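Colleague: The chain contents come next:
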Amino acid sequence: MPYTEFTDPNVCIDENLTTDDAGRLRLQSWAVPRPVVNVRVQSGGDGRLLKPEIATPGKLLISKQVSWTNDTPLEQPVLIKVTRASRSMLTSNPNALQVRDRWTYAIDADPDDPVTTSIFNGQFGGAIDLGTNSVAEPQPGRLWLWAGTNTAEEWISPMLAPGSTLKLWYKCYVWTPPPWSNNANKNSPEHEIYVNWSRIELIAYPQQGTVVIG
Amino acid sequence: MGSVKPCAGDYMLSTVDGLGPRRRWFPGPPVKEVMLPSTKDGEISRSPDPVTMIEGDLTWYNNSPDALWCHVDVLRAPRSIVAQNPATVVIQDAWTFAKGVDPRAEYPSVSQDGFGGRAQIDRPEVSAKELKFGRFFLDGDSSLATEQCGILLPRQLLHFRYIAAVQTPGTFTTPTEFEPRYEAHARYTKLRLYAGPVGSL
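Quick mapping for you: the protein sequence lines, in order, are chains A and B. Here the first sequence stands for residues -18 to 195, numbered as in the working numbering. Here the second sequence stands for residues 19 to 219, numbered as in the working numbering.
Incorrect hints may have been included.
Unchecked claim - Only pairs whose alpha carbons sit at most 30 Å apart, straight line, appear in this in silico DSS-like list of lysine-lysine:
1. K148(A) <-> K50(B)
2. K45(A) <-> K208(B)
3. K147(B) <-> K167(A)
4. K45(A) <-> K32(A)
5. K62(A) <-> K50(B)
6. K62(A) <-> K208(B)
7. K208(B) <-> K58(B)
8. K208(B) <-> K50(B)
9. K148(A) <-> K208(B)
10. K150(B) <-> K167(A)
11. K40(A) <-> K167(A)
Unchecked claim - From the structure, some residues in chain A lie toward chain B, with a derived Cβ separation under 7 Å:
12. F105
13. A108
14. Q189
15. V192
Simulated from the structure, these hints should not be mistaken for lab results. No experiment lies behind these values; they were computed from the predicted model shown. Backbone N, C-alpha and C fix where the C-beta goes; we use that ideal spot for every residue, glycine too.
Chain A on its own, in the form it takes in the complex (with noise of 0.2 Å):
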């Protein structure tokens, strides 16, 4: 069994190496980057759009937060990974959908609310604007859209200082930016999104002892 508590009487070696019982020397499990929180949360309101949303925020589709103590003897620089899955919509001729996300984050704190009304890390939406006929009846459209999985990445700053905790709060949601119209789609209004999930990911990465530097 490797020593994976660092003590003080390890002298010669610095935080990132330990020994084993047999004496050997032992790379510390902090020594590499790790995955210390990996959830996927899924969409509470998908589906059909029953009323319009044309105040921002919009529609709560998602809301999660997680945290992570750092557990080693280091500073832990540590990346935030934030996977969207694919997306799909529908919309109805001259209405417009998109959906925002954010994140937040904070250290030994609360991290503020991530509302998507001024600030936010993520878009997807969309619209077709035909008009309307003599009778001041919006033209018949529909407009499909679907976009494909994807990453973003953003590393925290400062990093976390041993016994420190990372909170992290995400946030998606749907809105319909003005103007709204209720007989869409020559009278046939359809509007409907499609967000699945998304993943959060906090990885910790290692980083040079304080006993030998270099």
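Given chain A, put chain B in place with the hints provided.
Modeller: Relative to the frame of chain A, chain B by itself:
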């Protein structure tokens, strides 16, 4: 360097204080990041040839005694376009890189990747005053593309170049009976260079 270095191979340090991995042994945050904002977001006009929105480069010198694996992550902001029937609006981007003592990456040709679209509700030959009213709005999410740059030898430089441009290729008829709208928003692109260990050779 007069002392004996027991047990210390590549990526290891042995000093009077003890033994430990060298700083460059650790993969981790980018060794360099550049933020390239768009200089042409908003309304655009007919552009049969690409018009530059974002242009920039990143250089980095491997000032370590170790060879390093390098890759650049190209992080593109969420993008948006507005196109009027029957025109196309597309944002294209491309990148190149070179390594060596005095490297110079080639000018990136603008055809590597694209975002945009077109909604056409008339025949292409319809005249300007007969055009039906039609607008297409498209919002795309941010994206991340990784370019592996291979091994960067000690005391050598990496040069990475990036360009994004907007274009309105193909059929383009400007309506005369109403106001058309053409827009492109590329927002920004970030280049992040990562350098990690190759392993003992």
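Colleague: Next, verify each hint and record whether it holds.
Modeller: A quick look at each hint next to the structure:
1. The hinted pair formed by K148(A) and K50(B) meets the criterion: a straight-line CA distance of about 26 Å does not exceed 30 Å.
2. A C-alpha spacing of about 27 Å is found between K45(A) and K208(B), which places the hinted pair at or below 30 Å, so the restraint holds.
3. With a C-alpha separation of about 24 Å, the suggested pairing of K147(B) with K167(A) holds against the 30 Å cut-off.
4. Distance hint between K45(A) and K32(A) is fulfilled; the C-alpha atoms sit about 24 Å from each other, no more than 30 Å.
5. For the given pair, K62(A) sits about 19 Å from K50(B) by alpha-carbon distance, which is consistent with the 30 Å threshold.
6. Simply put, K62(A) and K208(B) have alpha-carbon atoms about 16 Å apart, close enough for the 30 Å limit, and the pair holds.
7. For a cut-off of 30 Å, the pair hint linking K208(B) to K58(B) stands: about 16 Å separates their Cα positions.
8. Under the criterion of a C-alpha separation no larger than 30 Å, the hint pairing K208(B) with K50(B) is consistent with the structure, at around 11 Å.
9. Restraint check for K148(A) and K208(B): the C-alpha separation of about 25 Å stays at or below 30 Å, so the hint holds.
10. At roughly 16 Å between alpha-carbon atoms, K150(B) and K167(A) fall within 30 Å of each other, so this suggested pair holds.
11. Distance hint between K40(A) and K167(A) is fulfilled; the C-alpha atoms sit about 25 Å from each other, no more than 30 Å.
12. Interface hint at F105(A): satisfied, since its Cβ lies 5 Å from the closest Cβ of chain B, which is below the 7 Å cut-off.
13. This hint holds: A108(A) has a C-beta 4 Å from the nearest C-beta of chain B, less than the 7 Å allowed.
14. Look at Q189(A): its Cβ gets to within about 5 Å of chain B, closer than 7 Å, so that hint holds up.
15. Here the hint on V192(A) is kept, as its CB sits about 5 Å from the closest CB of chain B, short of 7 Å.
Consistency note: the structure conflicts with none of the earlier hints.
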